[in-house]
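So you can see what is in the structure, the chains are spelled out below.
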Amino acid sequence: MCKSGVAVAMLIAANLAFAHGPSRLKVTESVTINAEPAKVWAKVGDFNGMPGWHPAVAESKASDGNNVGSRRTLTLKGGGEVVEEIEELDNNKMVLKYRMKEGVLPVTNYASTLSVKAVEGGKSLVEWRGAFYRGYPNNDPPPDRNDEAAEKAITGVYKAGLENLKKVVEQ
Amino acid sequence: MTDIGKLRGRPKTRGQPNSLFAGHLARSGFSAALGISPCRRRIAGYFLIWAALNVCSVACAAPFAYITNQGSNDVSVIDLAQDRVVATIPVGKGPAGVATHAASQRAYVSNPDSKDISVIDTIRNDVVATIPAGDGPLGIAVSVNGQEVYLADWFNNVLLVIDSAALKIVARIPVGSAPAGVAVNPVSHEIYVANRDDNTVSAIDPNTRKVVRVIEVGDRPFSISVARDGRRLYVVNVRSNDVSVLDAATRRLVGTVGVGNTPYCAALSIDDRRLLVTNQHADTLSVIDTGSLKVVQTIAAGGYPEGIAVHGERAYVVNWMDDNVSVIDMASYRTHATIATGRNSRGFGSFIGVP
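First to last, the protein sequences are chains A and B. Read in order, the letters of the first sequence correspond to residues 1 to 171 in the working numbering. Read in order, the letters of the second sequence correspond to residues 172 to 526 in the working numbering.
Excised from the complex, chain A in its bound form:
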């Protein structure tokens, strides 16, 4: 009784400490890969090819290849699915923009951009940028759906993906 009271009090305190309104959030992660941009883009620019480089993705099924509007259903190794749709894919600029339609990530209105740029020494800079709102749309979110939870989840996805992408391409 007393214990649960303390737990509730801690939960309320946590909510007060972390409570935020519905502000849009962003995450940017990048990695330099020792390979020509074209070689990196061959992986990153393949909308249906994520299982080939992202360690958390088990399977991908895209509805219309690399065309705008194509939807991929990603099956995650940890369980759950994420459905995403191409907003823009430019092979010359090496930019892919997509938007999440539904999925297990604790975010809403999530859109993402992956780009590859040439940098000195024949290397590539891969940048992954996301814009999103937390999972809980109203004031006073539960801890697993607040701003911090959203930022942590997306940062985790980007870091793990870019780290493994570097390994796979440089092999």
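Possibly wrong hints are sitting among the right ones.
Dumping the calculated BS3-like pairs for lysine-lysine here, alpha-carbon to alpha-carbon at most 30 angstroms [as the list claims (entries may be wrong)]:
| id | chain 1 | residue 1 | chain 2 | residue 2 |
| --- | --- | --- | --- | --- |
| 1 | B | Lys381 | A | Lys93 |
| 2 | A | Lys61 | A | Lys101 |
| 3 | A | Lys39 | A | Lys93 |
| 4 | A | Lys26 | A | Lys77 |
| 5 | A | Lys152 | A | Lys123 |
| 6 | A | Lys26 | A | Lys152 |
| 7 | A | Lys166 | A | Lys39 |
| 8 | A | Lys39 | A | Lys101 |
| 9 | A | Lys152 | B | Lys381 |
| 10 | B | Lys381 | B | Lys465 |
| 11 | B | Lys339 | A | Lys26 |
| 12 | B | Lys264 | A | Lys26 |
| 13 | A | Lys123 | A | Lys101 |
| 14 | A | Lys39 | A | Lys123 |
| 15 | A | Lys166 | A | Lys77 |
| 16 | A | Lys152 | B | Lys286 |
| 17 | B | Lys339 | A | Lys159 |
| 18 | A | Lys123 | A | Lys159 |
It should be emphasised that the hints constitute simulated quantities derived from the structure, not laboratory data.
Here the structure of chain A is known, so what remains is to put chain B in place on it, guided by the hints.
Positioned in the frame of chain A, the structure of chain B alone reads:
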């Protein structure tokens, strides 16, 4: 029920002179070389600052932009004559909306995360009051005479009317679901609110404080821009990627113009002939000819362009992803300057004010 604004202490803003600085100036080799006493040196220091401020009051007479930075809880003040940030003002939490009123020398900022608004004195560049305001203060506008501030409360579906002298809420006008952008007609003084989740705009009579018409627009209207001549409103629809054009007199839809991916805000050229729309997911601006109601040009912008305002022959575009403001020449559409601001800059509203 007292939503009386609590007066805040004066936070020091960057770039303001203080006695330490005066002392430092006084101790400089320049005054020492003249061989004057320490007391006189200090006076000389103050005189130098006074002289410098006088120069600035002439050279810096151009307007200023007040850019809300949602991620750093402050406002970047940009001197449009110099294209640089001259002050950073701490405000409430998650500042998003902004409205300026030149004659009363004020800027009003909505803080959705601390559920209040910050009142800024644009001469001192200080917050002079903080007013608790609903549960989700977002879109904000000022009446033509500056006596009232209109604030959309996103969570409570009301438009709050705030008396700018008494600094308190004097009326709550029920509007549609998730009210976002607010605008005032400079000629008729009518108030407009974009009800994001109802796909409508409420037109409100400022005297009776009653909704006089609810107008159907596109999918998820977020912001409203009113022509300087008061004849038209342009409503930007985030989900349907278009702009609803309304006639202000009849309050009817006269056209719909498709723009880029996920548009947010718009601003008119000085002659009302062109409307510039920020397309957030496309990182572009659409230029609409307001005569033909056609997109005549698409300009590359920064990352996630959101707030936009036009002053003279320049457009100022707030890039949320890049934490900066692009200054775009209205004739060539070239980027004339890029000014670094705070984190997650939004500038949602009419953010340019005259000192």
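Okay, the hints, checked on the actual structure:
1. B:Lys381 to A:Lys93: Given pair B:Lys381, A:Lys93 is violated - Cα atoms ~51 angstroms apart, limit 30 angstroms.
2. A:Lys61 to A:Lys101: Given pair A:Lys61, A:Lys101 holds - Cα atoms ~14 angstroms apart, limit 30 angstroms.
3. A:Lys39 to A:Lys93: Between A:Lys39 and A:Lys93 the Cα gap is close to 14 angstroms, so the pair holds against 30 angstroms.
4. A:Lys26 to A:Lys77: holds (25 angstroms)
5. A:Lys152 to A:Lys123: Since the Cα atoms of A:Lys152 and A:Lys123 sit roughly 28 angstroms apart, the hinted pair holds (cutoff 30 angstroms).
6. A:Lys26 to A:Lys152: This hinted pair holds, its Cα atoms lying about 11 angstroms apart.
7. A:Lys166 to A:Lys39: Cα-Cα ~11 angstroms, so holds.
8. A:Lys39 to A:Lys101: Judged against 30 angstroms, a Cα distance of about 29 angstroms means the pair holds.
9. A:Lys152 to B:Lys381: violated (45 angstroms)
10. B:Lys381 to B:Lys465: At roughly 34 angstroms apart (the allowed maximum being 30 angstroms), B:Lys465 and B:Lys381 break the hint.
11. B:Lys339 to A:Lys26: This hinted pair is violated, its Cα atoms lying about 34 angstroms apart.
12. B:Lys264 to A:Lys26: holds (17 angstroms)
13. A:Lys123 to A:Lys101: Given that 30 angstroms is the threshold and the Cα spacing comes to 33 angstroms, the pair is violated.
14. A:Lys39 to A:Lys123: holds (10 angstroms)
15. A:Lys166 to A:Lys77: holds (20 angstroms)
16. A:Lys152 to B:Lys286: holds (25 angstroms)
17. B:Lys339 to A:Lys159: Violated, at about 47 angstroms.
18. A:Lys123 to A:Lys159: Holds. A:Lys123 to A:Lys159 sits at ~19 angstroms (cutoff 30 angstroms).
Checked against the numbered hints above, the structure breaks hints 1, 9, 10, 11, 13, 17 and satisfies the rest.
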